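Number of protein chains: 2
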Amino acid sequence: MKKFKIVILLFLSSLVFTSCGGDVPKTGAGISNKTQITGKIDNDNYRSVIQHGHYLTSKTRGLTNNQDQNNLDVKSFESGLLDISKKQFSIKKYIFQEGQYISSAKAQDWLERKSHKNPEGLNPSDKKSPIYLQSIEEQDYMKQSGKKLKLSGMTIGLSLNSVYYYDKGKSGTQESENISDQDLINQGENIANKVIKRVRQIKGVSDNLPIVIALYKQSSEDSLVGGTFVKFTVNKGGSIINWHNVNERNEILPSIGGDNSNNDHSTISRDFDDFKNQVQNFFPNLSGVVAQVHYTNDNLSGMNITITTQFYSETEIISFTQYIAQIAPKYLPGGVPINITVQSTNGIQSFLSRKQNQTKFYSHVFTSY
Amino acid sequence: MKKFKIVILLFLSSLVFTSCGGDVPKTGAGISNKTQITGKIDNDNYRSVIQHGHYLTSKTRGLTNNQDQNNLDVKSFESGLLDISKKQFSIKKYIFQEGQYISSAKAQDWLERKSHKNPEGLNPSDKKSPIYLQSIEEQDYMKQSGKKLKLSGMTIGLSLNSVYYYDKGKSGTQESENISDQDLINQGENIANKVIKRVRQIKGVSDNLPIVIALYKQSSEDSLVGGTFVKFTVNKGGSIINWHNVNERNEILPSIGGDNSNNDHSTISRDFDDFKNQVQNFFPNLSGVVAQVHYTNDNLSGMNITITTQFYSETEIISFTQYIAQIAPKYLPGGVPINITVQSTNGIQSFLSRKQNQTKFYSHVFTSY
Numbered sequence: 002m003k004k005f006k007i008v009i010l011l012f013l014s015s016l017v018f019t020s021c022g023g024d025v026p027k028t029g030a031g032i033s034n035k036t037q038i039t040g041k042i043d044n045d046n047y048r049s050v051i052q053h054g055h056y057l058t059s060k061t062r063g064l065t066n067n068q069d070q071n072n073l074d075v076k077s078f079e080s081g082l083l084d085i086s087k088k089q090f091s092i093k094k095y096i097f098q099e100g101q102y103i104s105s106a107k108a109q110d111w112l113e114r115k116s117h118k119n120p121e122g123l124n125p126s127d128k129k130s131p132i133y134l135q136s137i138e139e140q141d142y143m144k145q146s147g148k149k150l151k152l153s154g155m156t157i158g159l160s161l162n163s164v165y166y167y168d169k170g171k172s173g174t175q176e177s178e179n180i181s182d183q184d185l186i187n188q189g190e191n192i193a194n195k196v197i198k199r200v201r202q203i204k205g206v207s208d209n210l211p212i213v214i215a216l217y218k219q220s221s222e223d224s225l226v227g228g229t230f231v232k233f234t235v236n237k238g239g240s241i242i243n244w245h246n247v248n249e250r251n252e253i254l255p256s257i258g259g260d261n262s263n264n265d266h267s268t269i270s271r272d273f274d275d276f277k278n279q280v281q282n283f284f285p286n287l288s289g290v291v292a293q294v295h296y297t298n299d300n301l302s303g304m305n306i307t308i309t310t311q312f313y314s315e316t317e318i319i320s321f322t323q324y325i326a327q328i329a330p331k332y333l334p335g336g337v338p339i340n341i342t343v344q345s346t347n348g349i350q351s352f353l354s355r356k357q358n359q360t361k362f363y364s365h366v367f368t369s370y
Numbered sequence: 002m003k004k005f006k007i008v009i010l011l012f013l014s015s016l017v018f019t020s021c022g023g024d025v026p027k028t029g030a031g032i033s034n035k036t037q038i039t040g041k042i043d044n045d046n047y048r049s050v051i052q053h054g055h056y057l058t059s060k061t062r063g064l065t066n067n068q069d070q071n072n073l074d075v076k077s078f079e080s081g082l083l084d085i086s087k088k089q090f091s092i093k094k095y096i097f098q099e100g101q102y103i104s105s106a107k108a109q110d111w112l113e114r115k116s117h118k119n120p121e122g123l124n125p126s127d128k129k130s131p132i133y134l135q136s137i138e139e140q141d142y143m144k145q146s147g148k149k150l151k152l153s154g155m156t157i158g159l160s161l162n163s164v165y166y167y168d169k170g171k172s173g174t175q176e177s178e179n180i181s182d183q184d185l186i187n188q189g190e191n192i193a194n195k196v197i198k199r200v201r202q203i204k205g206v207s208d209n210l211p212i213v214i215a216l217y218k219q220s221s222e223d224s225l226v227g228g229t230f231v232k233f234t235v236n237k238g239g240s241i242i243n244w245h246n247v248n249e250r251n252e253i254l255p256s257i258g259g260d261n262s263n264n265d266h267s268t269i270s271r272d273f274d275d276f277k278n279q280v281q282n283f284f285p286n287l288s289g290v291v292a293q294v295h296y297t298n299d300n301l302s303g304m305n306i307t308i309t310t311q312f313y314s315e316t317e318i319i320s321f322t323q324y325i326a327q328i329a330p331k332y333l334p335g336g337v338p339i340n341i342t343v344q345s346t347n348g349i350q351s352f353l354s355r356k357q358n359q360t361k362f363y364s365h366v367f368t369s370y
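Protein sequence lines correspond, in order, to chains A and B. Here the working numbering is used: the first residue of the first sequence is 2, the next is one more, and so on. Here the working numbering is used: the first residue of the second sequence is 2, the next is one more, and so on.
Chain A extracted, bound-state conformation (with noise of 0.2 Å):
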């Protein structure tokens, strides 16, 4: 049952400091000695906290319960709960500190079942019930108070399975069961008003300090794009009163059933095939383009597309992004952020960026002396 995916954990032990440990860097806002904070980049990101020299890391880095996940959820979890952080607790006011107050040790009893040797399980003690939390993220927030960071704020992100993977018998052959969007739900607020209850008997965290939880539906093992946050509550005391639905979708283009007729989004979709009909022109061999794409509240949001092709030469690399920069403007949506990989089997190739409200690609072609 102790079998959660800690390896990256084991990484911890092998800790190689080619400079001396308390060596505080030369760079940052300087809080005190101990605490420094990074610069920003630009107006996207939070700055964050470095503590005696290093990234003040998470408690519970890297933890998830055990059954298999799709990488895609981890990376479209985190980036979808700084999102919703982002919302409640300001950019500008806030600075943000990987969570620091669940131990690992408590995790990881939260993430197993419910047992008489883990009374503290948050998973069904059934054994014919699916696993429905795979994991935990806690964010803090904090502010500037005189020479300290003080935790202002709090943000929780339960990810739960859409589906349950389970190995069936002796046979080992691994059997799935779907799990309705509606029991999903009710588990994930069940749980979370458990969670909320538990991180506030935490010392350090005071019985009104802001919590935002966030429940996350995770995709299935196979999809080629991540799951969604389905709702979200702040709790400044108590317990959790209300909900507030979210609603985002991800899909992935071309569409696989072809016809677009029912779908709301074919303005989009036939856009896309338009730019891959020109982008497939190019070469006189064939290259995929694959996009993710993502809609809030049915509003098209942002669109990852990744284009796989067998040649790599610089040359052509380098003509091939000069004319994908060119006719992206003219197929794609505007007003929405859109990245575009290049890669062959050799890894990357280039790669070319719109922010929101950008009209031009910025564009980079890898290199190599």
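Source of the hints: derived by calculation from the structure; they are not laboratory data. Hints are supplied without guarantee of correctness; some may be wrong.
Which copy? The list can't say, so a pair holds if one copy fits it or any two copies do.
27 Å max Cα-Cα, derived DSSO-like pairs, lysine-lysine [as the list claims (entries may be wrong)]:
| hint | residue 1 | residue 2 |
| --- | --- | --- |
| 1 | 35 | 331 |
| 2 | 151 | 115 |
| 3 | 148 | 331 |
| 4 | 115 | 195 |
All figures in this text were calculated on a predicted structure; none of them were measured in a lab.
Please build the complex by placing chain B on the supplied structure of chain A, with the hints as guidance.
Structure of chain B alone, referenced to chain A:
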């Protein structure tokens, strides 16, 4: 003997057009219905030729002698050849076209050993002698003339082996033999003289077309950095009269020797070590930090830094990237282009880049929905 690496060419036969082959993209400056030019990304790259809606690929695309080759050489050879061309054929006046004059059949014959069956072979007939010529790259430089593009310059790169790899007897174990610089240059110059005479015989290449020939010295199979150009000449007819030296060098940092006291570039090496220590100090686990460093005329002219980390939590990568953007300008040399790639076993995580004249680093964190 005909075991050329033409795997890539096989893809040419799997033509997949999703729209009509004669479809002309509605983008790019139209020279005629038949010919288009891709627009520029910036002032660093040539525009290039699209014909009948497709990129005009090189006739000798992907063709090399069958001796094993370091993949880094392929990129380094092509981008170095472009840099040499840019000095002779201005980006503003010329349009780049992939080589169209040396046919694939010709190039195959030239890359083989000379024999009764193949009198055109440019590698020694004596099977005990090394294979010197590994690959040939032709680049065409065009000017607009009415509704046509006219060949107005050509660059030919000869990629030469610095190590000859061969199988010894029936045991099949690979043996190697170093080729001295003097030997490589002598052979390269001889080959160049033959190539230029042959190319001027090809229909469409005039007797006085400016042709740049450049000699590239390949790295060894296991090198972490590609080779460099050693000589070039500009021929405007007749025999090659004088060769210009190219003073280029590639290095890997951190230097393996450890003792940099005899190193001309000890300052760069020390600054890089400081940067590396700061980077490795950030996370409680080791990050690999390696740089390809390029020198031109004994001056630093560019750096590609690769940081490999085991972790890839989204928030960690964001903070790490912020941190690198902050310390890079302090520790890394100014006035030269620098690219920094952060990667994990899951591929590229983030990327930072600063062009020659910039002070700030552009940065991007790769995300997923």
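Do the hints match the structure? See the list:
1. Taking identical chains as interchangeable, the C-alpha atoms of residue 35 and residue 331 lie at most 27 Å apart only when they sit on different chains, with a minimum of 21 Å there against 51 Å within one chain.
2. Taking CA atoms no more than 27 Å apart as the test, residue 151 paired with residue 115 passes in neither setting, with 34 Å inside one copy and 78 Å between copies.
3. Taking identical chains as interchangeable, the C-alpha atoms of residue 148 and residue 331 lie at most 27 Å apart only when they sit on different chains, with a minimum of 26 Å there against 52 Å within one chain.
4. Within a single copy, residue 115 and residue 195 get their C-alpha atoms as close as 13 Å, which meets the 27 Å cut-off; across copies the closest is 81 Å, which misses it.
In this structure, only the earlier hint numbered 2 is contradicted, and the remaining ones agree with it.
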